[in-house]
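Whenever a hint applies, use it, and build me the whole structure from the sequences.
Number of protein chains: 2
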Amino acid sequence: MKKRLFTPGPTMVPESILLEMAAPIIHHRSPEYTELFKRVNEGLRYLFQTENDVLTFTSSGTGGMEAAVVNLLSAGDKVLVVRGGKFGERWGEICEAYGVRVEPLDVEWGHAVDPDTIARKLKTVPGIKAVFVTQSETSTGVLNDIKTIGEIVNDHPALLVVDAITGIGAHKLLTDQWRLDVVVAGSQKGLMLPPGLAFVSVSERAWEAVKSSNLPRYYWNFSKAKTALSKGQNPYTPAVSLLVGLRRSLEMIKEEGLEEIWERHHRHALATREAVRALGLKIFAKEPSNILTIVDLSSTIDGKKLRGILSRKYGIMVAGGQGRLEGKVIRISHMGYVDDFDILTAVSALEMALTDLGWSFESGAGVAAAQRILAEHRSR
Amino acid sequence: MKKRLFTPGPTMVPESILLEMAAPIIHHRSPEYTELFKRVNEGLRYLFQTENDVLTFTSSGTGGMEAAVVNLLSAGDKVLVVRGGKFGERWGEICEAYGVRVEPLDVEWGHAVDPDTIARKLKTVPGIKAVFVTQSETSTGVLNDIKTIGEIVNDHPALLVVDAITGIGAHKLLTDQWRLDVVVAGSQKGLMLPPGLAFVSVSERAWEAVKSSNLPRYYWNFSKAKTALSKGQNPYTPAVSLLVGLRRSLEMIKEEGLEEIWERHHRHALATREAVRALGLKIFAKEPSNILTIVDLSSTIDGKKLRGILSRKYGIMVAGGQGRLEGKVIRISHMGYVDDFDILTAVSALEMALTDLGWSFESGAGVAAAQRILAEHRSR
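In order, the protein sequence lines correspond to chains U and L. For the record, in the first sequence the residue sitting at position 360 is 360 according to the numbering used here, with numbers rising by one throughout. For the record, in the second sequence the residue sitting at position 99 is 479 according to the numbering used here, with numbers rising by one throughout.
Don't read these hints as lab results, they were simulated from the structure. In this text, a Cβ means the ideal position worked out from N, Cα and C, and glycines have one as well. Keep in mind that the hints are not guaranteed to be accurate.
[Unchecked claim] Capping the alpha-carbon separation at 27 Å, the derived lysine-lysine pairs in BS3-like fashion look like this:
#: 1; chain 1: L; residue 1: K662; chain 2: L; residue 2: K693
#: 2; chain 1: L; residue 1: K527; chain 2: L; residue 2: K458
#: 3; chain 1: L; residue 1: K684; chain 2: U; residue 2: K226
#: 4; chain 1: L; residue 1: K611; chain 2: U; residue 2: K86
#: 5; chain 1: U; residue 1: K304; chain 2: L; residue 2: K606
#: 6; chain 1: U; residue 1: K231; chain 2: L; residue 2: K466
#: 7; chain 1: U; residue 1: K86; chain 2: L; residue 2: K606
[To be verified] Chain U residues, not near chain L, derived (Cβ > 12 Å throughout):
#: 8; residue: K147
#: 9; residue: T300
#: 10; residue: R372
[To be verified] Which residues of chain U face chain L? A few of them, derived with a C-beta cut under 7 Å, are:
#: 11; residue: T58
#: 12; residue: S59
#: 13; residue: S60
#: 14; residue: P195
#: 15; residue: M317
What follows is the structure, encoded as structure tokens:
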């Protein structure tokens, strides 16, 4: 059966990248690798829209998050953590594992954080060293307004640390213009690669914080990564084959253009949401991200059954709900290497699986709604 | 130009594995992945010769080393670190980064540690919690006698932690029989894969230590990895494409058989060493590992020039000296996906490059010596 990944990481990897990664392996202490790594770093700075260093770690995205915590802070420091889903909570868990005191800002699942509540916390809670936020919260399908949060935090000495793991390369993110101190990304999302690489951009202000941070670190050491980077190298053997793929993926991103990519994700998100509504179902997120659509099954459809049918009968892989949403939603990703016809495929499969489960709706209504939105946006 | 890697990691990756990793990516929360991960774990237990859990981390081998330190120890603990090269020193650096007190056992570069000196240290220095050693020290080409070290440490409450990153899948290593508490391995060595995965086996005794360890950890958390493993899962998105390759590489290892693989590496090491001597050069290591041959250039040949010619003129990539050996040696690896003809190729290229540099020897003497050893060992 032809299988298609509509999961929020890993996402589908372009065939040309898969084949490029199948070339004979190169050595990471060679002029060839140094040339590759330099080009990759130019591409990463374009992707992040920054002049800052972007450090590369061989790890899952979570490793990049841990790297941010252990390089910026000291035990006993106080930080503000926006917790509106599983990934916001992860920021808090990592900080607590290192003895960093967490001032939580809890947000109801499905809602974006109101930037004003961050401003109030910064005013009323003294001594906050850093603010941790998530751009696109994959567990709730919500997009947080990082631009406005950036404006607020920049009036304060606290650093702003952004988990853009599922956001970057899909949603607008301007690291320098929005003055984001640290931005974390991963390979298996908008970058259209297999998992295994994490990227962390570090501002001048953040480098100052690194100097006074005393949390223990070895593998995640920013300073060592920066020194190696200046020579076109990594401190430890990097995942070379993924870096070969990364060079190609960053070229593809440059060729298409970030503005075009953001617009494509917007178009696909709108089309998917409209299709879901046309089938009589709701969107879980109140301020939805363009990365993925979380379909609220309103306790009337069993999410696990629906996913099973989509996967086994139609070869369409979507994600289930996480934490308190388990079984209650499905999460359809439209991130990365996705075109209009992929969206129509996902919507068609959803219609077929819902029909199998006895859900009643006007057959074809979802596909028609999606097609209409896609056509409107393409003709602009 | 046809290029060949004779570097001690990354090593050459079999074409069939490269192509298998180029298949469309699968999702890590799917029955298909769980099945794959279960088979991989059976294969890893065979490779490690253990019934212990073998935990998988998406990272370089160094990440696996750091994981061992932060899960077994507490700040202020005292440990014995055998430092006979760059990788032994790394154990010490990681421990110190976490406030673990290092009792060093320094060994002259080029020599294996005398196991009796470990016994003496354990007797005379009170309160040692763990002993850190390196099986095959890649910076000096030395093999340490892990079996005997295991017998010594097992008479003592200290845990034995072995860096087998370049040893495993090439040199005999019997985790359970030798009672090794923690063994660390990496993907880009004997496992014939690209870099990006680290593996750590954990004994019952080591699991007891995990309970009382209080060093901070999140990404490297053993307990979380074990819980996920019991469900055929990983705590964080693993490097899926490398795991697909790992399944195939472990199958290949099982098909060839560990005993056969150890014998092959032994044969190749003997042949390479004999060839080097026939060219009038010396072997740096006194107790040499079968992983790689370090050619001592006796300050008469410039190591950097020799490597440059090998690489640019002949497409043969070997490694240079590390630390105090920079420029003074070349390191020729014969680890992983290497056959007899590859050895003859490496030796031929060495002869040609030495001739280019004006080194005088009987032309063909190296190849003849290698062929003789290979033939002798094949006919057994």
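Hint by hint, here is what the structure shows:
The hinted pair formed by L:K662 and L:K693 meets the criterion: a straight-line CA distance of about 24 Å does not exceed 27 Å. With a CA separation close to 23 Å, the supplied pair L:K527 and L:K458 stays within the 27 Å bound. In summary, the hint linking L:K684 to U:K226 is supported, as the alpha carbons are separated by about 25 Å, within the 27 Å threshold. Distance check on the hinted pair: L:K611 and U:K86 sit about 20 Å apart at the alpha-carbon level, within 27 Å; holds.
The hinted pair formed by U:K304 and L:K606 meets the criterion: a straight-line CA distance of about 25 Å does not exceed 27 Å. Only pairs whose Cα atoms come within 27 Å are accepted, and U:K231 paired with L:K466 is accepted, the gap being roughly 20 Å. Distance hint between U:K86 and L:K606 is fulfilled; the C-alpha atoms sit about 21 Å from each other, no more than 27 Å. Listed as outside the interface, U:K147 is consistent with that label: its C-beta sits roughly 27 Å from the nearest C-beta of chain L, beyond the 12 Å cut-off.
For U:T300, the condition that its CB be more than 12 Å from all CB atoms of chain L holds, with the nearest at approximately 24 Å. The Cβ of U:R372 lies farther than 12 Å from every Cβ of chain L, with a closest approach of about 30 Å, so its non-interface assignment holds. Of the supplied interface hints, the one on U:T58 holds, with its beta-carbon coming within about 5 Å of a beta-carbon of chain L, less than 7 Å. The restraint placing U:S59 at the interface with chain L holds, with a minimum CB-CB distance near 5 Å, inside the 7 Å limit.
This hint holds: U:S60 has a C-beta 4 Å from the nearest C-beta of chain L, less than the 7 Å allowed. Proximity of U:P195 to chain L holds as hinted, the smallest CB-CB distance being about 4 Å (cut-off 7 Å). A distance limit of 7 Å between C-beta atoms decides the matter here; for U:M317 the minimum to chain L is near 5 Å, and the interface restraint holds.
Taken one by one, the earlier hints all hold for this structure without exception.
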